[in-house]
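Generate coordinates for the entire structure from the input sequences, incorporating the hints supplied.
For reference, the chains in residue letters:
2 protein chains.
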Amino acid sequence: MNPVFTLEASDGAARVARLVTTHGTIETPAFMPVGTYGTVKAMTPEELQGLGAQIILGNTFHLLLRPGAKIIAAHAGLHGFMHWPGPILTDSGGFQVFSLKSLRRITEEGVTFRSPVDGSEVRLTPEDSMDMQLALRSDIAMALDDCTEHPSTEAAARASMERSMRWAERSHRHYYAAAEPPGGLFGIVQGGMHVNLRLASLEALSRLDWPGLAVGGLAVGESEAERLAVLEALVPHMPATRPRYLMGVGRPEDIVAAVLRGIDMFDCVMPTRHARNGHLFTADGVINIRNSIHQEALGPIDPQCGCYTCRNYSRAYLRHLDRCNEILGARLNTIHNLHFYLELMRALREAIRAGTLGAWAAAFLAARRGADAVA
Amino acid sequence: MNPVFTLEASDGAARVARLVTTHGTIETPAFMPVGTYGTVKAMTPEELQGLGAQIILGNTFHLLLRPGAKIIAAHAGLHGFMHWPGPILTDSGGFQVFSLKSLRRITEEGVTFRSPVDGSEVRLTPEDSMDMQLALRSDIAMALDDCTEHPSTEAAARASMERSMRWAERSHRHYYAAAEPPGGLFGIVQGGMHVNLRLASLEALSRLDWPGLAVGGLAVGESEAERLAVLEALVPHMPATRPRYLMGVGRPEDIVAAVLRGIDMFDCVMPTRHARNGHLFTADGVINIRNSIHQEALGPIDPQCGCYTCRNYSRAYLRHLDRCNEILGARLNTIHNLHFYLELMRALREAIRAGTLGAWAAAFLAARRGADAVA
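Protein chains in written order, with this note's numbering: chain S, 12 to 386; chain Y, 12 to 386.
Hints are computed from structural coordinates only; laboratory data are not their basis. It is possible that some hints are incorrect.
No copy labels: a pair is met if it fits in one copy or bridges any two.
Straight line, CA to CA, 20 angstroms or less: simulated SDA-like cross-link-like pairs of lysine to any residue [stated by the list, open to error]:
{"#": "1", "residue 1": "K81", "residue 2": "E307"}
{"#": "2", "residue 1": "K81", "residue 2": "Q306"}
{"#": "3", "residue 1": "K81", "residue 2": "V128"}
{"#": "4", "residue 1": "K81", "residue 2": "S303"}
Next up, the structure:
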């Protein structure tokens with residue numbers, strides 16, 4: 012079934028809403044932990060639920076290569092395969108294919124590429140992407156788009172966007188032609204950093220009915236000012252009654268800035284990838300657990316944090332696990348970072364409901380200013 | 012405090028007992044998962060408790076090198092450092108030092124070796140090993156022994172055993188001279204495959220009071236017949252009122268055979284190491300999850316098994332995780348293998364209490380015959 016979005020509160024452009032999907036309800040603004048290969052790295056589904064994750068993201072590109080549609084379909088979809096009972100959003104695979112650069116060839120029909128796993132030639136058309144996402148039985152599928160390079164001239168960005176719009180239409184037609192679509196399909200606004208193209212893309216998408224729209228083509232190396240300029244010009248024109256998903260963003264401060272501008276959904280590998288590299292989020296910035304200043308530190312990562320890791324383990328122990336390349340270290344760090352992100356979303360929802368988002372965000376962003384430096 | 016051993020039931024040479032230690036009570040026969048670097052690889056303490064682990068083993072050698080005594084002592088010992096509230100047995104470090112071969116030098120005083128971590132010279136005397144184990148505050152510490160090479164002539168095995176006995180005495184003197192020893196010290200019977208030397212070693216140890224005795228120098232490449240010959244000659248002479256610990260053994264069938272001969276405690280890296288290599292224990296033998304026959308297998312590792320992994324995940328999913336080198340794969344496999352070992356110990360205790368061990372063991376060993384072949 013198509014996800015159903017119900018607004019509950021707003022504060023300026025920011026909103027709190029409920030998104031009801033086939034496998035459950037999501038409170039927005041929501042962060043989606045990324046489960047690339049059918050697992051949010053190092054976590055069990057029960058741990059994710061305990062941390063407050065309401066929806067996770069699955070990567071169509073990776074799952075297409077390993078283990079392939081047939082095996083996942085035999086498990087009645089990705090939920091059964093990975094034992095995650097809640098909502099799943101799948102991307103289209105396009106972003107990863109376009110990242111392959113020299114290994115891929117784009118035509119109007121779609122993309123062909125060499126599998127980085129076994130070198131075989133793989134084709135990904137809008138129809139192929141829909142078939143794979145239908146096999147995954149995700150609650151939210153994404154249209155296949157042509158990912159605009161950054162930076163791009165206006166002409167190049169326009170050609171890419173217009174192809175994305177033709178692919179969006181093919182995606183929509185193919186997805187909803189399925190006998191019983193397991194979820195709903197989101198369209199993706201493209202257009203690079205060119206505001207006029209972004210608005211044209213939104214206009215093109217509005218000819219079809221989408222249960223939600225995403226902003227694609229950001230988190231590609233643009234400056235914060237470029238990203239915010241796109242959001243500020245685009246988001247006010249996006250349908251207020253549908254969820255808005257900013258793909259691949261990002262740092263905690265980026266998420267706060269985007270929520271302030273009316274974005275409802277986020278995904279990013281940062282909390283999980285940072286965790287495995289020993290980079291841990293705190294209210295005061297990111298600490299690097301590999302730093303020798305933590306060698307004899309008996310306190311937790313963050314004394315204010317209530318996560319399992321901070322309640323039970325010292326920084327000295329976490330640093331030791333990291334040095335010894337112990338799996339438990341990756342686990343404990345991931346728990347902490349996901350807790351940080353999911354608590355951030357909870358705090359954002361609370362501030363919106365309370366009508367105090369402006370002050371809350373100002374304080375949060377002030378504390379993070381210059382917090383990129385890793386201690 | 013010294014652990015206190017209370018026999019509760021016996022069946023032939025096999026016994027069920029309770030071993031009360033500073034941090035809790037262990038039911039024997041017991042299997043101790045190995046926590047080399049202050050973590051049983053891939054597991055949290057809560058997961059280990061959920062699996063029924065009552066005691067874990069810590070490796071003095073590894074912890075001496077990383078993170079060292081000072082940091083663990085600052086956490087009030089290994090329990091606090093690793094957040095494991097239950098009993099811990101620490102080995103002496105000797106076995107690992109002797110495995111270094113070309114990197115170590117043995118004198119009557121002790122062993123010196125080059126750290127495999129940073130190349131620095133490290134000394135390990137009986138007194139050093141006791142100081143480290145006192146700093147770890149383990150519930151059960153082990154005397155430092157000279158690990159006899161296998162195979163060894165009787166003369167070489169005798170010289171090695173006699174040195175072990177002198178080191179055992181120094182270990183005992185130093186450990187119990189501590190102001191408040193956190194636990195108790197076990198002696199280790201050596202003597203290689205030479206039964207007369209084993210009995211002489213036991214005789215030498217009996218001059219001191221030990222709360223438990225171990226059989227060392229097995230699981231070094233000897234045949235099953237050699238190992239059982241040593242156990243059959245030695246165990247009947249070991250004090251019946253104290254726990255008997257067979258170090259480093261082993262496969263499920265080896266544990267059953269040793270319990271039948273009166274052994275109470277075991278440790279081995281096999282369940283956890285096998286798990287990370289995709290080798291999974293079942294009643295019918297070991298399966299290799301990497302084998303392509305599991306590629307599309309929708310069933311669990313073992314339909315008879317009640318562990319978290321078997322209740323929730325298919326072999327196809329576990330194979331996929333292994334192929335993608337996903338941390339969750341190591342976790343789920345470890346849960347399954349530790350569950351197998353800990354359920355085995357539970358079944359052994361039940362059979363001993365019921366007086367049915369002979370029949371139970373015969374059926375178990377018959378099913379495992381030839382089960383070494385990995386499917």
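Hint numbers not upheld by this structure, sorted from lowest to highest: none
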